[in-house]
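Trainee: First to last, the protein sequences are chains L and P.
FYI, the numbering for the first sequence is 1 to 242, going by our numbering.
FYI, the numbering for the second sequence is 1 to 242, going by our numbering.
These are computed hints drawn from the structure, not numbers from a lab.
Quick caveat: nothing in here was measured; it's all calculated off a predicted structure.
Take these hints with a grain of salt, some might be off.
Copies of the same chain are indistinguishable here, so a pair counts whether it falls within one copy or spans any two.
Below are the EDC-like pairs computed for lysine to aspartate or glutamate, each with C-alpha atoms no more than 20 Å apart in a straight line [unchecked claim]:
| # | residue 1 | residue 2 |
| --- | --- | --- |
| 1 | LYS238 | GLU168 |
| 2 | LYS80 | GLU168 |
| 3 | LYS238 | ASP93 |
| 4 | LYS105 | GLU136 |
There are 2 protein chains.
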Amino acid sequence: MTYCVGLLLDEGMVMLSDTRTNAGLDNIATYRKLFTFEEPGEKVIMIATAGSLSVTQTVLARLTEAIDDPEADEHTSIMKAPSMLAVAQLIGDTLADVRQDVAQKLDRMNQSASASLLVAGQRKDGAMRLFLVYPEGNFIEATPDTPYLQIGEHKYGKPILDRVIRSETRLEDAEKAVLLSMDSTLRSNLSVGMPLDLAVIERDGLCIARERRIEADDTAFQALSRAWSDALRDSFQKIEPI
Amino acid sequence: MTYCVGLLLDEGMVMLSDTRTNAGLDNIATYRKLFTFEEPGEKVIMIATAGSLSVTQTVLARLTEAIDDPEADEHTSIMKAPSMLAVAQLIGDTLADVRQDVAQKLDRMNQSASASLLVAGQRKDGAMRLFLVYPEGNFIEATPDTPYLQIGEHKYGKPILDRVIRSETRLEDAEKAVLLSMDSTLRSNLSVGMPLDLAVIERDGLCIARERRIEADDTAFQALSRAWSDALRDSFQKIEPI
Numbered sequence: 001m002t003y004c005v006g007l008l009l010d011e012g013m014v015m016l017s018d019t020r021t022n023a024g025l026d027n028i029a030t031y032r033k034l035f036t037f038e039e040p041g042e043k044v045i046m047i048a049t050a051g052s053l054s055v056t057q058t059v060l061a062r063l064t065e066a067i068d069d070p071e072a073d074e075h076t077s078i079m080k081a082p083s084m085l086a087v088a089q090l091i092g093d094t095l096a097d098v099r100q101d102v103a104q105k106l107d108r109m110n111q112s113a114s115a116s117l118l119v120a121g122q123r124k125d126g127a128m129r130l131f132l133v134y135p136e137g138n139f140i141e142a143t144p145d146t147p148y149l150q151i152g153e154h155k156y157g158k159p160i161l162d163r164v165i166r167s168e169t170r171l172e173d174a175e176k177a178v179l180l181s182m183d184s185t186l187r188s189n190l191s192v193g194m195p196l197d198l199a200v201i202e203r204d205g206l207c208i209a210r211e212r213r214i215e216a217d218d219t220a221f222q223a224l225s226r227a228w229s230d231a232l233r234d235s236f237q238k239i240e241p242i
Numbered sequence: 001m002t003y004c005v006g007l008l009l010d011e012g013m014v015m016l017s018d019t020r021t022n023a024g025l026d027n028i029a030t031y032r033k034l035f036t037f038e039e040p041g042e043k044v045i046m047i048a049t050a051g052s053l054s055v056t057q058t059v060l061a062r063l064t065e066a067i068d069d070p071e072a073d074e075h076t077s078i079m080k081a082p083s084m085l086a087v088a089q090l091i092g093d094t095l096a097d098v099r100q101d102v103a104q105k106l107d108r109m110n111q112s113a114s115a116s117l118l119v120a121g122q123r124k125d126g127a128m129r130l131f132l133v134y135p136e137g138n139f140i141e142a143t144p145d146t147p148y149l150q151i152g153e154h155k156y157g158k159p160i161l162d163r164v165i166r167s168e169t170r171l172e173d174a175e176k177a178v179l180l181s182m183d184s185t186l187r188s189n190l191s192v193g194m195p196l197d198l199a200v201i202e203r204d205g206l207c208i209a210r211e212r213r214i215e216a217d218d219t220a221f222q223a224l225s226r227a228w229s230d231a232l233r234d235s236f237q238k239i240e241p242i
């Protein structure tokens, strides 16, 4: 499995993903699930993936190939698409096509494969937008009422987001919140694993402001995780029993 | 859906359940899911249920009918079964039978119904034991390594249990922990709802030590929930960003 979360805040957008993939329980590997594309000053896009690796890798390969194609146009390349809505549509169509191709192969074995994506980005003179693209290619969008979207193992890390994330949350706090949301998921579910990939876009920055891989031995993340555990235990002890 | 959690601790056992049931999204009702049986000084049993109400109600009705039957023996009544293992087996067999009866009816409509149960109890001269009974009737048991078992919507409330519940956790803290675990679930999932039912057995007490229904307007639970939210937000603010 996977856990990815994306935030759409007044100050910018944050995306965090783990890197664990597994085929069955005994075949575990590390694959990047967070991808960034930018033309600084013009446009910036982040994509996070969850689901069957054979689907997500092919989707990303087709998107990248289309970007590099010298004959690419606004209907084929996410870097030429005229708006973030068009980007989400293009990615949704690609996902639906790939999923159908793979499904036809797997049907013969009575198996299925599926994937979903988070897509965040901004184009010059456009608004920041964050989408969750479903396996069928349709999508929903984050709004001020619901400023975060999750894919994969989303339940363990939802309570902390529900409590602290608002549109006006500062980016610094937002990065902390998604890391703590991931930390809760890592502790409770073995199918989500380190290292993590974190990327941040600042409003109207039109570039990737920060991108960071957090390895299992990252002392800053370990300190954050320990401080949160300690704080939770302290808070728990201080609360009056019912 | 449902969320129920059971703890097996050195000092005793705790069980907590919500009461929300739904048939589709627009037919929501309140039903008790936590049931207690005791013969003080001799034996005590708690059962929590999750899954299709038509299955769980029939299971409880059959178990209760067998207890009340004057001809009941150790093979039919959980109050006459010679050990907690035999109780779990009897309940597992009843669940498997009921599920199969219901499944035969539902198969014609291409529907399915399933349920799982938590069973906790102690008999005189026996150990306290906590079981999770699967829809098929087989079961697993809590141990000092894994002193809690959950059924239903278990993921939201797992991180807090993973952090604070150990075999040596005091009963007072344990009650607080399951209520906070439920609070996280209530906040993040509408299919779990108030009121709550809480029951506690103390080691070798051989009776229900405490049983309490916590209504939506329970001021003590509201205070606990608010204190925990405040503590989480305070802790969150105090933690250094990465």
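Trainee: Against each hint, give a clear statement of whether it holds in the structure.
Mentor: Here is how each hint holds up against the structure:
1. LYS238 x GLU168: between (29 Å within a copy, 18 Å between copies)
2. LYS80 x GLU168: Classified as neither: same-chain Cα gap 31 Å, cross-chain 61 Å, threshold 20 Å.
3. LYS238 x ASP93: neither (52 Å within a copy, 44 Å between copies)
4. LYS105 x GLU136: within (17 Å within a copy, 33 Å between copies)
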